[in-house]
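**Student:** This is what each chain is made of:
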Amino acid sequence: MAKRILALMMLLCLAAAVCCADGSPDALLEKALRISQDSSELIKMTEDDMIDIIGIEPEYFTDYAYLTGKDTSVGRELIIVRATDENAARLVVDRLESYREQRMRCTRNYYALAYRALSESEVLQDSLLIVLSVGSPDPREPQLLLQEE
Amino acid sequence: MKHLKQVVAFFLLFSFLISLSYAEPLDDSVLLSYYDDSVFFGDSRMESFNRYVSGLRQEDASFMAKTKIVPTGSISLYAASRTYPSGEFLFYYHGRQLTMYGIADRIQPKKIFIMLGLNDPVAIKIEKALTWVEDILRKMGETVPDAEVCFLSETPVTENFDSEKKVEGYQTLLDQYNDRLKETCESNGARYINIAAALKGEDNFLKLDYSNDKVCHLSDEGNAALLQALKDYVQEQYDLGLWTPAAPEGTESAPAEETAR
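Order-wise, the sequence lines are chains E and U. In this text, residue positions in the first sequence follow numbering that gives the first Met the number 0: the first is 0, and each later residue adds one. In this text, residue positions in the second sequence follow numbering that gives the first Met the number 0: the first is 0, and each later residue adds one.
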């Protein structure tokens, strides 16, 4: 009886550990909200926005966070994606870089703050984790987001 | 007897008008269902509106969830009217540079709403701008023949616009453009929604509180007024018997109808 209870407890602990792991749904969103200093000012964009605005379909990632600032003229954005595999990671990097270039084209002679923020940004990758951080108040944000926990 | 008939006729007319003014106000979710399966195309103002709508979705994920908003900052009415993606400013959708027509073909919306003209700027080239409007109406009709196309009026500008953009009397010219835009839409079988009126102050300019740059772009308050104007348009259509909302799913009532304008 005691052995059964012990086994059940171990099973419950294992389940809790799995649920709390970085691979759980919304883990990247929680991470992004925790790391970004201006998280209270950011808007959570949807999976549809990932497809429509950036062009990354859900089949290419297991988790994501897409946050934008309220003022489009400032250009604040934070996109973090965990790709499903290496091929998907290549596509995600490609789409984020293409999206960044598109945003630079549109802001170059229009929104100086946004253009500067985009010019200073870059798409960063660590294995299957890809990050595009634009206009963050904390210059360490991209590297912090890439660190696995 | 003749006077009695006149009095009765007047009383009946008055009663009818009174009944119209007390027509049933529809719930916001019902009003916004008018924009389900629609796509909005626009420039930086539509980018700002899209961001505002996304903000509202933080509280209610279903808010205008069936409405696509596809903006590109800096795009002009002229660039948007072209049938080929070239030049610097293009619509960007699903990771690709596409024309408005290409996007509409992919989405196959029931309704298309367009607000473009700030970057041309249309009010100093009204005749040319209207030819681009006609081009868009014709090409959209070829691409998505079953979709209803609607132009939103150009939004007003503040008094600062003239000095910022080095034009004179722009708002007056813009009013003229909007009048001609309305005529062009109606003569080509398209719709027109006047959102400008909801954004103006008594001085005929964009209310400063409605602008985040105090020139021409909208603040959250301005976007809220724009959203209200879109809802008011639907309420008006309903009051005039030109639109009925779809029955909720699971009921047996008839689907939404849109009768002749």
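Honestly, the hints are just simulated from the structure, not real lab data. For every residue, glycine included, the Cβ atom is placed at its ideal position computed from N, Cα and C. One or more hints might be untrue.
The list that follows gives simulated cross-link-like pairs (lysine to aspartate or glutamate, EDC-like), each with its CA atoms no further than 20 Å apart [as the list claims (entries may be wrong)]:
(1) U/K109 / E/D37
(2) U/K65 / U/D35
(3) U/K65 / E/E121
(4) E/K43 / U/D219
(5) U/K110 / U/D27
(6) U/K65 / E/E29
(7) U/K65 / E/D48
Quick list of simulated restraints, FRET-style, between CB atoms [unchecked claim]:
(8) U/R95 / E/M8: 48 to 56 Å
(9) U/P84 / E/S118: 33 to 41 Å
(10) U/R95 / E/I4: 56 to 64 Å
(11) U/K164 / E/D137: 48 to 56 Å
(12) E/R89 / U/R179: 47 to 55 Å
(13) U/E235 / E/L32: 51 to 59 Å
(14) E/S118 / U/G240: 52 to 60 Å
(15) E/R89 / U/L241: 25 to 33 Å
(16) E/S118 / U/D36: 32 to 40 Å
(17) U/D36 / E/V73: 43 to 51 Å
(18) E/R33 / U/K213: 42 to 50 Å
(19) U/K65 / E/L32: 24 to 32 Å
**Student:** State for each hint whether it applies.
**Tutor:** A quick look at each hint next to the structure:
1. U/K109 / E/D37: violated, 39 Å
2. U/K65 / U/D35: holds, 5 Å
3. U/K65 / E/E121: violated, 32 Å
4. E/K43 / U/D219: Holds, because 17 Å separates the two Cα atoms, which is no more than 20 Å.
5. U/K110 / U/D27: holds, 19 Å
6. U/K65 / E/E29: violated, 27 Å
7. U/K65 / E/D48: holds, 12 Å
8. U/R95 / E/M8: 48 to 56 Å: holds, 53 Å
9. U/P84 / E/S118: 33 to 41 Å: Because 24 Å falls outside the window, the suggested range is violated.
10. U/R95 / E/I4: 56 to 64 Å: Cβ of U/R95 to Cβ of E/I4: about 58 Å, so the range 56 to 64 Å holds.
11. U/K164 / E/D137: 48 to 56 Å: At roughly 36 Å between Cβ atoms, E/D137 and U/K164 fall outside 48 to 56 Å, so the hint is violated.
12. E/R89 / U/R179: 47 to 55 Å: The hinted range 47 to 55 Å holds for E/R89 and U/R179, with Cβ atoms some 50 Å apart.
13. U/E235 / E/L32: 51 to 59 Å: violated, 41 Å
14. E/S118 / U/G240: 52 to 60 Å: holds, 54 Å
15. E/R89 / U/L241: 25 to 33 Å: Once the Cβ atoms are compared, 51 Å apart, the range 25 to 33 Å for U/L241 and E/R89 is violated.
16. E/S118 / U/D36: 32 to 40 Å: holds, 38 Å
17. U/D36 / E/V73: 43 to 51 Å: violated, 32 Å
18. E/R33 / U/K213: 42 to 50 Å: violated, 36 Å
19. U/K65 / E/L32: 24 to 32 Å: holds, 27 Å
Of the numbered hints given earlier, the model fails hints 1, 3, 6, 9, 11, 13, 15, 17, 18; all others are met.
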